[in-house]
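Undergrad: Chains as they are written, first to last, in this note's numbering: chain A, 1 to 313; chain B, 1 to 313; chain C, 1 to 313; chain D, 1 to 313; chain E, 1 to 313; chain F, 1 to 313.
Mixed in with the good hints, there may be bad ones.
To be verified - One-sided excerpt, in silico: chain C residues whose CB lies under 10 Å from chain B:
id, residue
1, ALA24
2, GLY25
3, ASP26
4, PHE62
5, ASP96
6, CYS99
7, LYS125
8, THR164
9, GLY188
10, ASN219
11, THR223
12, GLY225
13, ALA295
Unchecked claim - Derived list of chain A stretches under chain B, where covered just means 3 residues or more per stretch with a C-beta under 8 Å from a C-beta of chain B:
id, stretch
14, 196 to 207
15, 257 to 263
Since the hints were derived computationally from the structure, they do not count as laboratory data.
Just so it is clear, CB atoms sit at the ideal spot from N, CA and C, and this is done for glycine as well.
Number of protein chains: 6
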Amino acid sequence: MSDHRVRKDGNVGPVDGSQVPRYAGDSTFARLPRIDEVDRADVAIVGVPFDSGVSYRPGARFGPAAVRQASRLLRPYDPAFRAGPFLEQQVVDAGDIVCTPFDITKAVGQIEEAATELSDGGSTKLLTIGGDHTIALPLLRTVHRVHGPVALIHFDAHLDTWDTYFEAEYTHGTPFRRAFEEGLLAEGRSCHVGTRGSLYSPDDLLEDSDMGFRHFTSNMVGTEGVEKVMAAVRERVGNLPVYVSIDIDVLDPAHAPGTGTPEAGGLTSRELLAMLRELIPNEVVGADVVEVAPAYDHAETTSVAAAHVAYAI
Amino acid sequence: MSDHRVRKDGNVGPVDGSQVPRYAGDSTFARLPRIDEVDRADVAIVGVPFDSGVSYRPGARFGPAAVRQASRLLRPYDPAFRAGPFLEQQVVDAGDIVCTPFDITKAVGQIEEAATELSDGGSTKLLTIGGDHTIALPLLRTVHRVHGPVALIHFDAHLDTWDTYFEAEYTHGTPFRRAFEEGLLAEGRSCHVGTRGSLYSPDDLLEDSDMGFRHFTSNMVGTEGVEKVMAAVRERVGNLPVYVSIDIDVLDPAHAPGTGTPEAGGLTSRELLAMLRELIPNEVVGADVVEVAPAYDHAETTSVAAAHVAYAI
Amino acid sequence: MSDHRVRKDGNVGPVDGSQVPRYAGDSTFARLPRIDEVDRADVAIVGVPFDSGVSYRPGARFGPAAVRQASRLLRPYDPAFRAGPFLEQQVVDAGDIVCTPFDITKAVGQIEEAATELSDGGSTKLLTIGGDHTIALPLLRTVHRVHGPVALIHFDAHLDTWDTYFEAEYTHGTPFRRAFEEGLLAEGRSCHVGTRGSLYSPDDLLEDSDMGFRHFTSNMVGTEGVEKVMAAVRERVGNLPVYVSIDIDVLDPAHAPGTGTPEAGGLTSRELLAMLRELIPNEVVGADVVEVAPAYDHAETTSVAAAHVAYAI
Amino acid sequence: MSDHRVRKDGNVGPVDGSQVPRYAGDSTFARLPRIDEVDRADVAIVGVPFDSGVSYRPGARFGPAAVRQASRLLRPYDPAFRAGPFLEQQVVDAGDIVCTPFDITKAVGQIEEAATELSDGGSTKLLTIGGDHTIALPLLRTVHRVHGPVALIHFDAHLDTWDTYFEAEYTHGTPFRRAFEEGLLAEGRSCHVGTRGSLYSPDDLLEDSDMGFRHFTSNMVGTEGVEKVMAAVRERVGNLPVYVSIDIDVLDPAHAPGTGTPEAGGLTSRELLAMLRELIPNEVVGADVVEVAPAYDHAETTSVAAAHVAYAI
Amino acid sequence: MSDHRVRKDGNVGPVDGSQVPRYAGDSTFARLPRIDEVDRADVAIVGVPFDSGVSYRPGARFGPAAVRQASRLLRPYDPAFRAGPFLEQQVVDAGDIVCTPFDITKAVGQIEEAATELSDGGSTKLLTIGGDHTIALPLLRTVHRVHGPVALIHFDAHLDTWDTYFEAEYTHGTPFRRAFEEGLLAEGRSCHVGTRGSLYSPDDLLEDSDMGFRHFTSNMVGTEGVEKVMAAVRERVGNLPVYVSIDIDVLDPAHAPGTGTPEAGGLTSRELLAMLRELIPNEVVGADVVEVAPAYDHAETTSVAAAHVAYAI
Amino acid sequence: MSDHRVRKDGNVGPVDGSQVPRYAGDSTFARLPRIDEVDRADVAIVGVPFDSGVSYRPGARFGPAAVRQASRLLRPYDPAFRAGPFLEQQVVDAGDIVCTPFDITKAVGQIEEAATELSDGGSTKLLTIGGDHTIALPLLRTVHRVHGPVALIHFDAHLDTWDTYFEAEYTHGTPFRRAFEEGLLAEGRSCHVGTRGSLYSPDDLLEDSDMGFRHFTSNMVGTEGVEKVMAAVRERVGNLPVYVSIDIDVLDPAHAPGTGTPEAGGLTSRELLAMLRELIPNEVVGADVVEVAPAYDHAETTSVAAAHVAYAI
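Let the sequences and hints guide you as you build the complete structure.
TA: Below is the structure:
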């Protein structure tokens with residue numbers, strides 16, 4: 001193990017950027033220790049390089065590698081929180097979950113199994129880097145095993161509560177309908193934030209509403225402000241355990257060009273980061289950042305944003 | 001004709017994205033029917049691949065193809081309007097107007113002739129995808145034949161009311177001065193929105209004002225908000241027939257890098273889309289979206305924005 | 001139907017590039033007529049936007065659209081052949097075959113069914129634009145129905161005769177083993193051209209040889225020359241009906257960056273075009289050009305090469 | 001000297017864009033005269049192509065050339081100021097300061113010497129285009145020789161008041177600590193604007209504060225608005241001579257991808273330009289725009305923003 | 001004038017790259033002196049930023065700036081020639097010829113006039129950087145005034161001897177037919193080198209042959225080698241004064257992606273450079289390098305090649 | 001340690017690509033084990049992310065990460081050698097050598113020290129991924145400690161035997177002059193391969209020759225062929241221990257755009273790979289692949305080539 005890692009209270013932090021240049025050395029998330037370098041993990045960052053569930057631009061299978069690369073720029077102390085998230089608790093990089101690209105149902109099973117093993121009965125919280133949004137379903141199942149139904153805060157341009165797509169049940173447009181059907185979500189406590197764009201039909205919104213979701217559009221964030229929207233979000237989730245799922249396309253294509261189904265009119269990265277800072281960390285029992293498609297990214301704009309977003313969680 | 005098209009009230013809509021993947025099949029705007037597939041058109045989307053009038057970066061000749069490609073992501077129902085613009089009326093893709101790249105005056109004539117034929121005495125409204133801003137002049141002439149002088153709402157970083165450029169009368173910097181001189185615009189009812197950047201001299205603004213234009217700068221949109229500016233715009237145009245001309249460079253280069261004369265400090269795509277939703281659709285008798293130069297675009301950021309903008313109109 | 005199309009002997013050719021600029025108008029392959037615009041087709045160009053069988057970089061689902069876009073530069077007369085391939089016979093663009101991205105086996109069936117219908121008992125030859133190499137299997141099945149076992153000339157950096165990959169039988173690395181097992185290939189008459197790069201094990205080559213393939217490496221083309229290699233290829237296929245399958249990664253990444261599994265040390269586009277000109281066209285009963293992944297392309301380098309390659313066939 | 005230059009009151013302005021296309025001719029900043037073409041300079045634009053002090057992505061050595069190229073789009077009259085900055089005073093392009101890339105300490109000396117000679121005892125104000133932020137130190141020394149301690153307004157995502165980095169004293173992360181130590185800054189009158197992102201430790205902020213800096217975060221600009229923040233900035237600097245140092249990474253990566261250490265959550269270009277317009281020009285005795293790294297830029301987005309920023313100063 | 005320029009025999013050469021970094025300082029071609037810095041010029045490099053004659057991708061108006069930028073890498077001594085082309089004779093950068101983008105005929109006149117003035121009765125040879133191929137016509141007229149009919153060696157993927165295009169006589173596809181008609185070319189002494197790709201009809205070649213051109217295809221260079229082809233070329237031109245016109249698309253798109261009408265199967269840069277070295281310099285009375293379109297270039301691949309090509313001439 | 005690694009004869013090979021997708025998992029070179037995962041290393045791949053010695057485009061500090069990423073495509077068996085280089089001997093990834101970017105002399109010392117420790121008295125051969133060419137000097141010193149003076153085979157567009165550059169002794173243009181002066185090279189046994197391009201003066205070649213180098217130009221490879229040139233190279237090095245240093249710019253910019261000082265007219269990747277296969281592996285005692293600058297790369301073209309090159313060694 002590198003002897004350049006910052007330590008505090010027995011926790012092993014990132015490699016010190018003033019000792020080892022940030023473009024050198026291991027490519028773990030934020031230069032954190034690998035899971036096999038420490039004996040305990042409060043939070044594990046794990047990649048799920050899977051994009052067989054996408055309906056438009058593929059490529060999110062390269063998301064975990066790109067976000068890790070961009071995360072080299074993160075430093076250990078976050079002045080916005082007055083906290084050093086990597087030193088107050090043991091955070092590790094757990095590598096990638098291996099799953100087949102050729103069979104979606106099988107892959108969903110592989111992800112659930114690996115995530116469940118990794119979460120170790122809930123003693124390790126998972127922050128997952130996707131991958132496409134299909135992966136949220138097995139991750140919610142994993143969380144549900146420990147915590148029961150959770151409140152979902154879902155940042156996305158899209159609803160992702162469609163039913164099927166070419167008769168397929170498991171795709172990146174359907175995870176939250178499946179989660180609802182499987183009882184993984186607490187009733188009436190979930191919401192979408194940042195939605196916008198066109199739909200297939202007016203029924204899309206009705207059905208979404210019937211499943212108990214509320215949505216706060218991107219426009220609402222622009223006109224009413226971050227604080228007001230997040231107050232409503234917090235009120236909705238109450239004191240339930242919370243799962244945060246962030247499709248990077250919640251950002252405007254200017255801030256996140258590297259994604260599969262871009263929609264104009266999105267959030268700025270400043271807005272999204274400010275919203276995440278309004279969350280109450282203790283209640284977050286799992287999170288994902290998905291749909292980073294590096295082939296469409298430029299100058300790491302998208303993956304830098306995703307890395308900051310993951311850091312803010 | 002594809003049997004996968006959505007239909008309602010006798011209108012033929014886009015190909016159904018849950019039956020035919022959005023990356024497959026015809027490349028008409030928003031996967032709408034071609035004009036020869038239906039017997040009537042309320043609105044025709046038409047491309048004008050022409051960029052011989054540009055003063056800096058050329059390439060808008062590839063704009064129509066790029067915007068059509070990006071428009072594959074549009075779905076038929078717009079929740080922001082609570083309407084399905086493609087089903088309430090018959091919207092078609094009328095292909096491209098053919099004009100020479102080697103003689104601007106001749107091309108302006110070709111565009112006017114083709115647009116006039118297509119608009120069919122006003123029974124078909126045209127939404128034109130440019131091409132450079134030179135094309136607004138023949139399109140305004142076409143509209144004028146049916147409606148007489150119109151109110152112009154012009155979204156742009158620039159005024160486009162210069163006189164001549166290298167002695168040339170018809171360029172992308174001069175259409176609205178020509179339109180004023182030809183009496184195509186109703187007196188004192190037009191405005192520029194989103195202007196910013198440096199000018200050749202203080203006379204530019206004086207002359208613009210003498211032609212009866214008002215302008216609402218990009219900064220004004222930022223400090224006073226979308227609603228207030230659009231209220232002033234609506235008051236100015238009154239109940240006249242309105243022509244909406246959108247130079248995509250009204251957006252900030254972050255949101256629209258793929259354009260010919262980028263100016264920092266522009267609108268966000270969220271602001272522009274919100275402003276367009278404040279327009280009263282019935283009074284819009286024609287519109288264009290111009291200056292998309294795909295060679296400078298990245299990950300379709302600009303053409304996705306342009307496609308959403310065209311959709312919002 | 002556009003009245004700008006070139007005609008000869010009753011055949012309808014491409015739109016005339018000196019009447020309609022090549023950046024304007026329909027986006028069919030080489031600006032040929034759509035299949036519904038003529039009453040007969042000797043050759044049909046058809047896209048198969050499918051890439052769920054790839055093992056590394058996805059994105060070939062956008063291949064058909066990109067190759068069509070790049071094919072606008074093709075003109076009707078080929079001096080290297082002293083022939084106008086689009087006027088001697090009726091060539092059409094048959095659009096895209098629709099297949100699901102979410103279930104490989106089902107998609108393979110959909111492709112076979114659509115290709116069989118399109119080939120119309122063999123009276124229409126298909127030139128397919130992929131899509132990933134998985135699609136060669138259903139296309140060979142289609143050809144086999146009419147012609148029985150064929151000789152395969154396979155241009156590729158890779159063998160594509162692996163057995164399974166993550167237990168999946170149908171992927172872009174396995175079509176020719178499946179074709180061999182299904183008896184679609186004439187015994188001992190097929191070959192790979194342009195292979196290079198590392199393998200999983202020495203067994204890969206042995207098994208390939210056991211299936212009756214010969215291979216001519218990229219290096220061999222460089223040292224022995226195009227003519228000598230092609231003489232050997234022609235001798236091998238004899239007078240059997242020939243299916244030509246071209247993975248664009250047979251070209252060096254310099255010539256084809258936009259592909260899924262690039263290997264250094266490949267052919268130049270001049271070499272590949274020269275080799276294709278050495279084929280005897282009458283005996284080619286089907287062909288495909290696959291693995292163009294536009295997200296990794298630059299300045300259409302790859303898709304221009306692919307368009308020329310398709311034209312040369 | 002070109003006879004197409006605009007002139008007024010004896011001052012020589014830029015080449016006239018309606019006489020010489022803006023893509024043609026000399027590549028001086030904003031097409032201004034070179035310093036050897038006029039006999040006097042009130043303001044000199046000077047490039048410092050130096051990036052040996054960077055800790056992450058290098059490439060700012062190409063910044064001066066890129067910003068000059070992008071500055072071709074600037075026109076002589078700025079309506080936001082109701083002024084023509086290039087005609088009220090003699091502004092020139094003084095070319096690049098030559099310094100070694102291989103020895104930071106020597107380069108810092110070369111920059112100081114050349115800048116001092118160029119400023120000619122203060123009669124010529126310098127607007128410097130970097131280059132990395134290391135160069136701010138010798139430029140502050142130059143200003144200090146004439147004006148004594150100055151107030152610094154520092155736009156940046158980062159503090160740039162670290163102590164050493166790999167034991168090196170002069171880097172792009174340390175110029176303002178060195179400036180403080182050398183007494184170049186007036187006590188308690190300087191500030192950072194636009195800061196955000198993670199730090200090495202909580203001490204970073206404490207030490208910064210001990211050196212007498214105040215900081216206005218990017219978030220503050222978003223929630224409190226440009227005017228309020230700039231009022232506080234102006235109050236802080238009082239009537240002291242002001243040096244303005246702008247790291248282009250103060251902008252969000254969406255607006256400035258082409259930079260060395262991007263941080264999500266930054267300012268928009270509209271905000272930054274509005275803030276610069278709130279400065280009182282007479283009191284600005286020197287300025288720099290640094291950290292433009294063109295290799296990571298796209299469609300000149302970053303360099304266009306930097307050119308406008310330099311213009312606004 | 002910079003005192004870092006290399007000098008010999010009274011000639012002023014480039015700025016010394018070991019004194020001034022090659023990324024710093026003036027952006028003249030190969031860092032040569034500007035024409036106003038010396039009192040005599042044997043050879044003048046001049047840019048013609050004009051691209052209004054293109055039929056597909058525009059953007060060559062930015063060619064001169066890009067080639068100058070890439071030419072910073074050239075050093076004064078060429079070992080392949082055992083000569084220092086910039087020291088044996090006085091070579092200068094004469095800046096750009098100004099011409100309107102809005103009227104091709106007028107621009108052709110402006111180019112002819114400026115080139116004639118610059119060539120100073122033949123005492124200064126011109127090496128022109130385009131711009132599109134339209135400009136070859138006025139440049140040939142200029143050469144003809146001094147030397148009478150010349151032999152043309154034309155490197156290009158295309159013939160450029162079409163008649164009209166959309167009724168326009170002066171375009172990038174027609175200069176050499178116009179030159180033939182105007183008697184600028186010596187009878188039966190000209191040739192095309194590197195041609196390939198498809199044509200509009202078999203007549204294209206017949207007409208070309210009737211005008212007295214011979215052509216050496218790209219394939220011929222590949223199979224017969226550089227020396228043999230160039231021997232035939234030299235035999236053809238005999239001892240006539242020679243004009244060399246190089247369309248950068250003679251290179252394969254792998255070597256020159258940044259051009260307007262790319263054709264696969266082209267020359268390598270090594271082949272082109274070797275061919276140019278086989279020319280006899282004294283007999284070359286003028287030359288151009290055209291069709292560099294930087295917006296489609298990557299990492300300056302095309303403009304570096306063009307700079308080397310210009311250097312080799 | 002991953003249990004998906006291929007093993008043979010006690011050696012631990014790469015992760016099996018048919019078990020773990022090649023876009024998933026650890027980012028070691030070719031997915032080899034890390035040095036701390038095995039107890040012995042015959043060959044160690046080590047990165048040196050250092051680029052402070054470059055004279056033009058920087059960015060090679062990101063070379064090791066990019067080459068590792070591209071090396072994921074390598075498979076364990078090389079049919080061209082009929083060998084599996086990763087199974088016949090224990091090959092490991094030793095991570096990156098840490099050195100300061102701010103002081104070249106200090107960094108050269110840090111590299112020498114770390115490399116010497118890693119090579120473990122010669123029992124571990126090093127294959128180094130740069131970084132710029134400055135690093136060849138400390139690596140040659142390391143090899144010299146064990147083997148005494150070696151024969152150098154240097155693939156490069158440039159000689160890299162300049163004396164000083166801005167008075168600096170240690171830069172990417174000077175390592176082999178320093179090596180000569182320090183006696184690290186066997187007399188008259190070294191050579192450059194692939195050189196081309198312009199020089200500062202004829203003295204460059206004379207001095208190079210005086211130091212006992214021979215050079216085989218890129219042109220020579222093209223006209224005489226790989227085999228003949230390599231026979232001459234092998235004759236020159238005799239049976240001495242050989243150090244192979246490969247500047248990726250020996251490839252043509254078409255094959256390696258992502259490098260610092262591109263020169264047109266270079267080798268193809270097929271030629272370079274064929275030349276490396278002609279080396280006698282046992283006699284190679286060390287090697288480097290340098291000057292991969294990913295910011296200028298496209299679609300990993302350069303880093304894929306570099307990965308294959310490293311593999312071939």
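Undergrad: When the structure is checked against the list of hints, which entries are broken? Sort them ascending.
TA: 7, 8, 9, 10, 11, 12
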